[in-house]
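2 protein chains.
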Amino acid sequence: MESSGILDAETKVHETPGAHKDELRLWLRLLTCTTLIEGEVRRRLRERFDVTLPRFDLMAQLDRAEEGMTLGELSRRMMVTNGNVTGLAERLVAEGLVARRQSASDRRSHMVRLTDKGRRQFRKMAEEHESWIADLFSGLSQKDVESLLTLLGKAKASTRKSMVAAE
Amino acid sequence: MESSGILDAETKVHETPGAHKDELRLWLRLLTCTTLIEGEVRRRLRERFDVTLPRFDLMAQLDRAEEGMTLGELSRRMMVTNGNVTGLAERLVAEGLVARRQSASDRRSHMVRLTDKGRRQFRKMAEEHESWIADLFSGLSQKDVESLLTLLGKAKASTRKSMVAAE
DNA sequence: CGGAGATAGTTTAGGCTTAAAATATCGATC
DNA sequence: GATCGATATTTTAAGCCTAAACTATCTCCG
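Chains A and B, in that order, give the protein sequences.
Here the first sequence is numbered in the numbering used here, starting from 1 and rising by one per residue.
Here the second sequence is numbered in the numbering used here, starting from 168 and rising by one per residue.
Hints are computed from structural coordinates only; laboratory data are not their basis.
Worth double-checking, as some hints may not be accurate.
[Unchecked claim] Using 27 angstroms as the maximum straight-line C-alpha spacing, the simulated DSSO-like pairs for lysine-lysine come out as follows:
1. A:Lys143 x A:Lys156
2. B:Lys328 x B:Lys188
3. B:Lys291 x A:Lys143
4. B:Lys323 x A:Lys154
5. A:Lys161 x A:Lys21
6. A:Lys21 x B:Lys310
7. B:Lys323 x A:Lys21
8. A:Lys143 x A:Lys154
9. B:Lys188 x B:Lys323
10. A:Lys21 x B:Lys291
11. A:Lys124 x B:Lys310
12. A:Lys117 x B:Lys188
13. A:Lys154 x B:Lys284
14. B:Lys323 x A:Lys156
15. B:Lys323 x A:Lys117
16. B:Lys328 x A:Lys161
17. B:Lys310 x A:Lys154
18. A:Lys156 x B:Lys284
19. A:Lys156 x A:Lys21
20. B:Lys188 x B:Lys291
21. B:Lys310 x B:Lys321
22. B:Lys321 x A:Lys154
23. A:Lys143 x B:Lys310
24. B:Lys321 x A:Lys156
25. A:Lys143 x B:Lys321
[As the list claims (entries may be wrong)] Partial pick of chain B residues on the chain A-facing surface, computed with a CB cut under 7 angstroms:
26. Asp189
27. Glu190
28. Ile204
29. Leu220
30. Gly263
31. Ala266
32. Ile300
33. Phe304
34. Leu307
35. Leu316
36. Leu318
37. Lys321
[Unchecked claim] Partial selection, computed: residues in chain B whose CB lies under 7 angstroms from chain A:
38. Leu193
39. Arg196
40. Thr201
Remember, it's a predicted structure, so these values are computed and weren't measured experimentally.
C-beta atoms are modelled at their ideal positions from N, C-alpha and C, and glycine is treated no differently.
Could you build the full structure based on these sequences and the hints that come with them?
Put into structure tokens, the structure is as follows:
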């Protein structure tokens, strides 16, 4: 069954007239890598901890902020919409992993932070998570990793610049 | 970290926590890049063509296959579940962009392919799409693009290997 | 033939995600 | 102090996505 090789999104990029075929291939490859890893992480989080990736991500943001942060800041950091964070936070509060309180100074604003239970649970998950990622990248040399960090940093800057310019 | 003692398979897997920060940073940066680009592409597809990214992706797969392909092959290539493709294809058929017919030789199997309208529409979108991607990566040199293609290819292989090994 | 297991696709239940509209509050200005 | 635009969050409607259970069909092998 496996004789025909692996199929994925970037199989057979169409031969298009134009000078930008490599950029398109790069985008597809980037997407493939991310999708592969994300799927694997999602699967392991569910199996090992019965938690979803978005919930893990939200907790990861809060773990870095002792005092917690507002829902708006959370949504900016997670790069998702406000409405999305509203729902996610709601479920995590219901599970007792996140606490929420209205800001005293600005009654529109709501702070969320990890509960003790949430922090304990997150730390445990984060430790394994880190080793999964290391494992998934274990075929790369330290130099590869550093090069990728640099180049992706450049790609990120390029993307942001192009997005602002198109505004 | 790089001790002078003997390292075996166990040692490598169970290195001290915190030894893999670069890999973790790499994963987060990869995710950020993808999320940024994906969001931008999604936004432009909606604005310019009133189409969603998943529908565009499905049509992109079909555009490469003159004869169409089965729903199963589509789901493997798109790296999404079967059920997902069922729904997506359903909506595209309803829009008249995709045609679907039962395979003669295997009655479980269903082929989908682009209609003429679907192909025309996709080609128009794909042309602009390619220029968006080129634009988003315009801050990278040709050499950067090639390096990224190589390194991400390596990352992809590493990930797949690690995923199979953990099976 | 006839069953056992594999394969193709659908359905279901639940969660994630977005864009856009709505609500509430703030801060500044008149 | 009333009003107006900005900000923080929620709500809504629609679509995306997954895992798991299910149906239908195929293939193999006795």
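Do the hints match the structure? See the list:
Between lysine 143 of chain A and lysine 156 of chain A, the direct Cα distance comes to roughly 20 angstroms. Compliance with the 27 angstroms bound is thereby established for this hinted pair. For the given pair, lysine 328 of chain B sits about 21 angstroms from lysine 188 of chain B by alpha-carbon distance, which is consistent with the 27 angstroms threshold. Pair hint lysine 291 of chain B plus lysine 143 of chain A does not hold up; C-alpha atoms about 41 angstroms apart against a cutoff of 27 angstroms. Taking the CA atoms of lysine 323 of chain B and lysine 154 of chain A, the gap is near 20 angstroms; set against the 27 angstroms cutoff, the hint holds.
A hinted pair counts as satisfied when its Cα atoms are at most 27 angstroms apart, and lysine 161 of chain A with lysine 21 of chain A qualifies at roughly 21 angstroms. The suggested pairing of lysine 21 of chain A with lysine 310 of chain B holds, with an alpha-carbon distance near 14 angstroms, which does not exceed 27 angstroms. With a CA separation close to 20 angstroms, the supplied pair lysine 323 of chain B and lysine 21 of chain A stays within the 27 angstroms bound. A threshold of 27 angstroms between alpha carbons decides the hint, and for lysine 143 of chain A with lysine 154 of chain A the separation of about 17 angstroms falls inside it, so the pair holds.
For a cut-off of 27 angstroms, the pair hint linking lysine 188 of chain B to lysine 323 of chain B stands: about 19 angstroms separates their Cα positions. Of the supplied pair hints, the one linking lysine 21 of chain A and lysine 291 of chain B holds, its CA atoms being roughly 16 angstroms apart against a limit of 27 angstroms. For the hint linking lysine 124 of chain A to lysine 310 of chain B, the alpha-carbon distance of about 41 angstroms lies beyond 27 angstroms, and the restraint is violated. A hinted pair counts as satisfied when its Cα atoms are at most 27 angstroms apart, and lysine 117 of chain A with lysine 188 of chain B qualifies at roughly 25 angstroms.
With a C-alpha separation of about 39 angstroms, the suggested pair lysine 154 of chain A and lysine 284 of chain B falls outside the 27 angstroms cut-off, and the hint is violated. In summary, the hint linking lysine 323 of chain B to lysine 156 of chain A is supported, as the alpha carbons are separated by about 19 angstroms, within the 27 angstroms threshold. Annotation: proposed proximity of lysine 323 of chain B to lysine 117 of chain A is violated, straight-line Cα distance about 36 angstroms (limit 27 angstroms). As the CA atoms of lysine 328 of chain B and lysine 161 of chain A are separated by approximately 35 angstroms, the hinted pair breaks the 27 angstroms bound.
For the hint linking lysine 310 of chain B to lysine 154 of chain A, the alpha-carbon distance of about 12 angstroms falls within 27 angstroms, and the restraint holds. Annotation: proposed proximity of lysine 156 of chain A to lysine 284 of chain B is violated, straight-line Cα distance about 36 angstroms (limit 27 angstroms). For a cut-off of 27 angstroms, the pair hint linking lysine 156 of chain A to lysine 21 of chain A stands: about 19 angstroms separates their Cα positions. Restraint check: the Cα-Cα separation between lysine 188 of chain B and lysine 291 of chain B comes to about 43 angstroms, which exceeds 27 angstroms; the hinted pair is violated.
As the CA atoms of lysine 310 of chain B and lysine 321 of chain B are separated by approximately 17 angstroms, the hinted pair is consistent with the 27 angstroms bound. Taken as a hint, the lysine 321 of chain B and lysine 154 of chain A pair is honoured in the structure, with Cα atoms around 19 angstroms apart against an allowance of 27 angstroms. Restraint check for lysine 143 of chain A and lysine 310 of chain B: satisfied, since their Cα atoms lie roughly 17 angstroms apart, inside the 27 angstroms limit. Proposed proximity of lysine 321 of chain B and lysine 156 of chain A is supported: the alpha carbons are some 20 angstroms apart, at most 27 angstroms.
For the hint linking lysine 143 of chain A to lysine 321 of chain B, the alpha-carbon distance of about 12 angstroms falls within 27 angstroms, and the restraint holds. Taking 7 angstroms as the C-beta cut-off, the interface hint given for aspartate 189 of chain B holds, the closest approach to chain A being about 5 angstroms. At about 5 angstroms, the closest approach between the beta carbon of glutamate 190 of chain B and any beta carbon in chain A falls short of 7 angstroms, and the interface hint on this residue holds. Look at isoleucine 204 of chain B: its Cβ gets to within about 6 angstroms of chain A, closer than 7 angstroms, so that hint holds up.
With a least beta-carbon distance of about 10 angstroms to chain A, the hint placing leucine 220 of chain B at the interface is violated under the 7 angstroms criterion. For glycine 263 of chain B, the shortest C-beta to C-beta distance to chain A is roughly 23 angstroms, which exceeds 7 angstroms, and the interface hint is violated. For alanine 266 of chain B, the interface hint is violated, since its Cβ never comes within 7 angstroms of a Cβ in chain A; the closest pair sits about 20 angstroms apart. For isoleucine 300 of chain B, the shortest C-beta to C-beta distance to chain A is roughly 5 angstroms, which falls under 7 angstroms, so the interface hint holds.
Hint on phenylalanine 304 of chain B holds. Least Cβ distance to chain A is approximately 5 angstroms, under the 7 angstroms limit. Of the supplied interface hints, the one on leucine 307 of chain B holds, with its beta-carbon coming within about 6 angstroms of a beta-carbon of chain A, less than 7 angstroms. A distance limit of 7 angstroms between C-beta atoms decides the matter here; for leucine 316 of chain B the minimum to chain A is near 6 angstroms, and the interface restraint holds. About 5 angstroms separates the beta-carbon of leucine 318 of chain B from the nearest beta-carbon of chain A, less than 7 angstroms, and the hint is met.
A least Cβ separation of about 6 angstroms between lysine 321 of chain B and chain A falls short of the 7 angstroms threshold, and the interface hint therefore holds. Satisfaction of the interface hint for leucine 193 of chain B is found here, the shortest Cβ-Cβ separation to chain A being roughly 6 angstroms, below the 7 angstroms cut-off. Of the supplied interface hints, the one on arginine 196 of chain B holds, with its beta-carbon coming within about 5 angstroms of a beta-carbon of chain A, less than 7 angstroms. Nearest Cβ of chain A to the Cβ of threonine 201 of chain B: about 4 angstroms, under the 7 angstroms cut. The hint holds.
Consistency note: the structure conflicts with the earlier hints numbered 3, 11, 13, 15, 16, 18, 20, 29, 30, 31.
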